[in-house]
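Here are the chains, one letter per residue:
Protein chains: 2
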Amino acid sequence: MIGKEIDTLIHLLSKLPGIGPRSARRLALQLLKQKDHLILPLSEALKQAAETVKTCEICCNLDTTSPCGICQDAARDDSTICIVEQIGDLWALERTRVYRGRYHVLGGTLSALDNIGPEDLAIPGLVKRAKDDGVKEIIIALNATVDGQTTAHYLIDRLQYCNVKVTRLAHGVPVGGALDYLDDGTLITALQARSAFA
Amino acid sequence: MIGKEIDTLIHLLSKLPGIGPRSARRLALQLLKQKDHLILPLSEALKQAAETVKTCEICCNLDTTSPCGICQDAARDDSTICIVEQIGDLWALERTRVYRGRYHVLGGTLSALDNIGPEDLAIPGLVKRAKDDGVKEIIIALNATVDGQTTAHYLIDRLQYCNVKVTRLAHGVPVGGALDYLDDGTLITALQARSAFA
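Chains L and S, in that order, give the protein sequences.
Throughout the first sequence, residue numbering follows our numbering, covering 5 to 202 in sequence.
Throughout the second sequence, residue numbering follows our numbering, covering 5 to 202 in sequence.
In case anyone wonders, no lab produced these hints; they're calculated from the structure.
Where is the CB? At the ideal position from N, CA and C, for every residue including glycine.
Be aware that a few hints might be false.
As the list claims (entries may be wrong) - Restraint-style ranges between C-beta atoms, simulated for each label pair:
1. L/Lys19 with S/Arg198: 27 to 35 Å
2. L/Arg99 with S/Ile160: 49 to 57 Å
3. L/Val177 with S/Ala182: 49 to 57 Å
Stated by the list, open to error - List of simulated lysine-lysine pairs, DSBU-like, C-alpha gap at most 30 Å:
4. S/Lys37 with L/Lys51
5. L/Lys19 with S/Lys132
6. S/Lys169 with L/Lys19
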């Protein structure tokens, strides 16, 4: 006895990641209670985003322009490219406001299980960019997962004749992390990569 | 360095119940990846829902018509009205396909803390409906919370001169529930309301 329009809305909401049928119903009710404040602006924002957002032809970031704002920004350092798996990782790094170079979004990791090979990721574009004379350093900022590290090793192979320095993020104890709760792998890495007090 | 359109989308998504800034970013990325399959249909569904869905003038349910589908359905039993707090509760009861009477959605519970009095809920409309000669029974199906039960007692007072039988949902052990995990209140109620094996 739920109206067709509400039913369609619940069905579409339940397709979002992490949202099941129960959450979708709760969301739909909450949205319908706040018609002018939320549902219409959200509808418009989704439409706007779908119409204007595109993938950057250089780094595969999402932005309203292509090349994206980061690739166009003349104030950023052309000599460094940071490789990330997903756009969410790029956003995470940007929030730190520490890195001022360029990015390259792979769009995933190599995965034999999921049948994702090098040709499914943005690797050819990366190799092309790495061969540019201006590029001095490539930072591999992939996740510290098995797939992420496999992909990192593959990238090191592909980049070895490109005349760039290839670096990776430090592994170790997270800031604020308690040793007691850390997994053995992290502790071993942190021990092996220990450094002298400055 | 996130585009304005994406930023607006994330901001609006983070206003949804149970969705914080981190989930909103993940949702936005997932939506942007599925432009044609998800983002445009969702935008359209939200707009449709905002434009067509209204509150039923009789029972305060949400539907595309007013009176709503349930109030208009000639096959349903006019002599019984089931009082629920929220539309979500009405949906839950409808999913059981057992109740075939009418509903009345209060829109909340009385709450001294939140300053919600009888005039903020759909109580006048309910009393008017209860005075109709055709109505024989009113089922109070409010949540078994302190506010829900306070409201139930208030409703019993208001309805006592309306010449209707006022009933409430049974309290007891949930079907499939293990005694060991039940709170004392539920167990006491279940003991006191024990019934003979049929």
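Now for the hints, and whether the structure bears them out:
A hinted range of 27 to 35 Å is violated for the C-beta pair L/Lys19 and S/Arg198, which are about 45 Å apart. Distance hint for L/Arg99 and S/Ile160: a CB-CB separation of about 55 Å, consistent with the stated range 49 to 57 Å. Evaluation of the 49 to 57 Å hint for L/Val177 and S/Ala182 yields a failure: the beta carbon distance comes to about 41 Å. Of the pairs offered as hints, the one joining S/Lys37 and L/Lys51 holds, with about 14 Å between alpha carbons and a cut-off of 30 Å not exceeded.
With a CA separation close to 42 Å, the supplied pair L/Lys19 and S/Lys132 exceeds the 30 Å bound. Between the alpha carbons of S/Lys169 and L/Lys19 the distance comes to roughly 43 Å, so the proposed pair goes past 30 Å and is violated.
In terms of the numbered hints stated before, the structure departs from hints 1, 3, 5 and 6, listed from lowest to highest.
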